[in-house]
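Undergrad: Below, each chain spelled out in residue letters.
Protein chains: 2
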Amino acid sequence: MGYEISFGARVRKSVFFDKTVENGVAAFSVYNHMLMPTSYGDPVAEYWRLVSGVSMWDVAVERQIQLQGPDAEHLARLLTPRNLGEIVPGQGRYVPMCDHDGRLINDPVLLPVEKDRYWISIADSDMIYWARAIAAERGLAVTVSEPDVSPLAVQGPKAIEVVAGLFGAWVRDLGYFAFREIEHEGIPLVVARSGWSKQRGYELYLMDGSKAGQLWDIVKDAGEAYEIKPGCPNYIERIESGLISYGADTDDDTNPFEMGLGKFVDCEQEVDFVGKEALTKIRDEGAKRRFTGFFIDAELPVMAQEKWMLSHGGDTAGFISATCYSPGLERFIGIGLVSNKIADGEGALVAATPYGEVPATPASLPFPVPWQRFRH
Amino acid sequence: MGYEISFGARVRKSVFFDKTVENGVAAFSVYNHMLMPTSYGDPVAEYWRLVSGVSMWDVAVERQIQLQGPDAEHLARLLTPRNLGEIVPGQGRYVPMCDHDGRLINDPVLLPVEKDRYWISIADSDMIYWARAIAAERGLAVTVSEPDVSPLAVQGPKAIEVVAGLFGAWVRDLGYFAFREIEHEGIPLVVARSGWSKQRGYELYLMDGSKAGQLWDIVKDAGEAYEIKPGCPNYIERIESGLISYGADTDDDTNPFEMGLGKFVDCEQEVDFVGKEALTKIRDEGAKRRFTGFFIDAELPVMAQEKWMLSHGGDTAGFISATCYSPGLERFIGIGLVSNKIADGEGALVAATPYGEVPATPASLPFPVPWQRFRH
Numbered sequence: 001m002g003y004e005i006s007f008g009a010r011v012r013k014s015v016f017f018d019k020t021v022e023n024g025v026a027a028f029s030v031y032n033h034m035l036m037p038t039s040y041g042d043p044v045a046e047y048w049r050l051v052s053g054v055s056m057w058d059v060a061v062e063r064q065i066q067l068q069g070p071d072a073e074h075l076a077r078l079l080t081p082r083n084l085g086e087i088v089p090g091q092g093r094y095v096p097m098c099d100h101d102g103r104l105i106n107d108p109v110l111l112p113v114e115k116d117r118y119w120i121s122i123a124d125s126d127m128i129y130w131a132r133a134i135a136a137e138r139g140l141a142v143t144v145s146e147p148d149v150s151p152l153a154v155q156g157p158k159a160i161e162v163v164a165g166l167f168g169a170w171v172r173d174l175g176y177f178a179f180r181e182i183e184h185e186g187i188p189l190v191v192a193r194s195g196w197s198k199q200r201g202y203e204l205y206l207m208d209g210s211k212a213g214q215l216w217d218i219v220k221d222a223g224e225a226y227e228i229k230p231g232c233p234n235y236i237e238r239i240e241s242g243l244i245s246y247g248a249d250t251d252d253d254t255n256p257f258e259m260g261l262g263k264f265v266d267c268e269q270e271v272d273f274v275g276k277e278a279l280t281k282i283r284d285e286g287a288k289r290r291f292t293g294f295f296i297d298a299e300l301p302v303m304a305q306e307k308w309m310l311s312h313g314g315d316t317a318g319f320i321s322a323t324c325y326s327p328g329l330e331r332f333i334g335i336g337l338v339s340n341k342i343a344d345g346e347g348a349l350v351a352a353t354p355y356g357e358v359p360a361t362p363a364s365l366p367f368p369v370p371w372q373r374f375r376h
Numbered sequence: 001m002g003y004e005i006s007f008g009a010r011v012r013k014s015v016f017f018d019k020t021v022e023n024g025v026a027a028f029s030v031y032n033h034m035l036m037p038t039s040y041g042d043p044v045a046e047y048w049r050l051v052s053g054v055s056m057w058d059v060a061v062e063r064q065i066q067l068q069g070p071d072a073e074h075l076a077r078l079l080t081p082r083n084l085g086e087i088v089p090g091q092g093r094y095v096p097m098c099d100h101d102g103r104l105i106n107d108p109v110l111l112p113v114e115k116d117r118y119w120i121s122i123a124d125s126d127m128i129y130w131a132r133a134i135a136a137e138r139g140l141a142v143t144v145s146e147p148d149v150s151p152l153a154v155q156g157p158k159a160i161e162v163v164a165g166l167f168g169a170w171v172r173d174l175g176y177f178a179f180r181e182i183e184h185e186g187i188p189l190v191v192a193r194s195g196w197s198k199q200r201g202y203e204l205y206l207m208d209g210s211k212a213g214q215l216w217d218i219v220k221d222a223g224e225a226y227e228i229k230p231g232c233p234n235y236i237e238r239i240e241s242g243l244i245s246y247g248a249d250t251d252d253d254t255n256p257f258e259m260g261l262g263k264f265v266d267c268e269q270e271v272d273f274v275g276k277e278a279l280t281k282i283r284d285e286g287a288k289r290r291f292t293g294f295f296i297d298a299e300l301p302v303m304a305q306e307k308w309m310l311s312h313g314g315d316t317a318g319f320i321s322a323t324c325y326s327p328g329l330e331r332f333i334g335i336g337l338v339s340n341k342i343a344d345g346e347g348a349l350v351a352a353t354p355y356g357e358v359p360a361t362p363a364s365l366p367f368p369v370p371w372q373r374f375r376h
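As given, the protein sequences belong to chains A and B, one line each in that order.
Quick note: the first sequence, position 61, residue 61 per our numbering, numbers continuous.
Quick note: the second sequence, position 161, residue 161 per our numbering, numbers continuous.
Think of the hints as simulated: they come from the structure by calculation, not from any bench.
Treat the hints loosely; a few may be bogus.
Claimed, not checked - Derived pair list, reagent style DSSO-like, types lysine-lysine, alpha-carbon separation capped at 30 Å:
(1) A:Lys341 - A:Lys281
(2) B:Lys307 - A:Lys13
(3) B:Lys307 - A:Lys220
Work the whole structure out from these sequences, hints included.
TA: Here's what the structure looks like:
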C-alpha cells in the first residue's frame, strides 16, 4: 500500500513513542485514539522472534479504566457477564463486556489492584464513557478515570528469563493473569503475566509516564542476552492462535457465545449484570454464528489485512476478518465469523477477495502449529 | 515523519475509499474506527481551493447514530444540554453532548430525519454505546443503530453552484444545518447545508453505500466547471476559523463552557438532560479555562500537528492543540485550551515545542482572515 499516517493532537502518542522511533518503527495503526506501532519493517521476522525468542511491544494503547471507591467492585461485577466469584487483589481475569442487548462491546482484562480499586485494560472501544454511564445512571459511589498507566509487553518463550532476571525469581511463579505491584530502580510498575499472544509473556504496567524511556532501556538491556527486539501485537501469531481482535472479528451485533466466550457468561449468578436478560435468551436459543478458523487454498499476500465477505452457494455466510500465510502450518489460513448452519454444511465457503473468489474451509481454533503454546 | 498506516478489518474503509485512492489520496488518519483521508499531497493548495473554490471530501467517518422509535425525541433531548425547543424535521442543530459530570464527550450535529427518527452525526468517540446505555438504563422505547449512511462533503464558496446545479435551485434557500431527503439518479441522499469548515458548504449523506462510486463521479463531474478537487477536513482553515476538533482540543475534563459552547447549555429548560446538575454548578462557578487562539512569533513547520504544553512564569497554563502558518494572516497561529487567569494576565505564554520554547500570545477566535466566511 504505502499510505502515510497523519499525526495530530486528536490521536495521542504513547509515552514510549520516542523509543519506538529510535528503534525503527515503520508503521502505526490507531487504537483507543492513540498511535499503536504495527511494524518494525519485517513482520515475519517479528513472528519468528515471538514464537521462539522474545519481543518487546509498546502496548500503551491498552488504556486502563480505573474504578475507585466503595462501589468499585459492584460496578466491576455489573460490567461483565463473567461470574467474578471471590475477587482477589493481584489476580486478573479476562472479562468480556456486553451491552443491554447482549452485544459484545469490549473484551478487556480486569485487574483488581486493591479492594476498592480496579483497572479495566481495554480493547479498542471507548469504555470509559460506558463505565461512567452505568455508574452514574445507577448512582454508584465510584470514580471512573484514566490513570497514568502504560503497558509494555514482553512476549515469547524467553520472556520469562528476561522478566525474572530483571525483577526476581517470584516472576516464575506468577499464574496466568496474576500480577504484582513493585518499584524497580524508582519506577512504579505492575508486573503481570499476560499479553496478546499465546506465547508465555508478561506486561509491565508503567505507572509513571515520565519514566517510559528509562523502563524501555532497562528491558532492552536485560533482554540483550536473549536477542530481544522491538515488535508489535503480531498479526500472524494471533491468527494461528485464534486470539480475538475486538472490532476486527466482531461486528455491531456480535454476542459472546458466537465468539466462543460462552464459558465467561454466567446467567445463573446473583449479580444482575448488564445484558443478563438478553444473554439468557441468546444462550437458550443458541448462537447462530461462530468464530472459526479457515484453511484457504489459494495464493494470497502473506498478510492480507482486509475484511472479506463469505458466501456459500450464493448465500451470505459471514466474513473473514484476517488471513495470513502460516509459517507454522505452511499454508494460508484465516479467521472469521460464519453462520453455524453453513459452516456445518457441505463444501467450502467462498471468500470474495481483490484476488478473485477463493475457497475457505472451516477449521478449529487454535490452529495446530507445532510449537509450544500456552493455553489460557 | 513518513510512517505508514497499517490496514486491517478493525479500522474500516469508507465506502468512498476506492475513489479516494483513484484520486490520489496520500495520507490517512483514523476517526471513529475508520480510515479518514487527511491529505492528497498538498494541504496548502487544498486550503486555497477550500477558501476560494470548491473541494469534495470523503467524510464517511462522520458516522450516524440513529435513534428510532416513540422515545427517539426524548432520548435526543436527554443527550444534549442544548434546549431543542420545537423540533422540526429537516432542520439540524449542533448539539454538544456531556456526561453526568458535565464533561464534553462529543459535539455532533443532530438531524431530525422524521418525527420518530433522528441521526446524530458524531465526532470521534463511541457515542453509539453511550446512547444505548442511557436508553436502556432509562427503559426508553427507542432503537439505537448505525445506519448505512456516509457523508460526502462539498465545501468552499463555489460549493453552492455545484450542489444547486446538481439538485436544483432549492439548495440556495437551505438555511444553516437545514436538509432535505431526495433521490438523484436512483441514489438516496440527504442534502444538508453543513460541513466542518467556515466556508459555505454542503454535506451529501449517502444512504446506500453501494452507490458511493456513482455519487462521487456525479459530484466530480458537476464540479469540473468550478475546478473541484478532492480534499479533506482542512487543518489550516479550521485553525483560522477556530472550529473545535473533539479529542484534539479537549481533554478528559473539558466542559462546554470552556469551549465557548455555553450558549448551547440551557440549565433552565424543563428537560432533565444528562449532566444538568453538574453543568448548572459549573455555570454558576464560571469556567476556569477557555478555548482560544494564539499568535506565535516563531518559525515553525507550516502544519505542526502536535500537542504542546503551555506555561507562564513556570506555572502550567494549558495546552496548544494545533498550530499552522496562516496564509490569511501571513503569520503563525494556533489554538488551545488555557487557564483564564493566565490568559488574562500579562505577557506571553510559553509553548514547549520540539523546536524550542516559543512565545504564544492569546488571540480571539475566529482569526480575522480577510476573506468571506459564513458564521454559524
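Undergrad: Hints numbered earlier in the text: which of these fail when held up against the supplied structure?
TA: none
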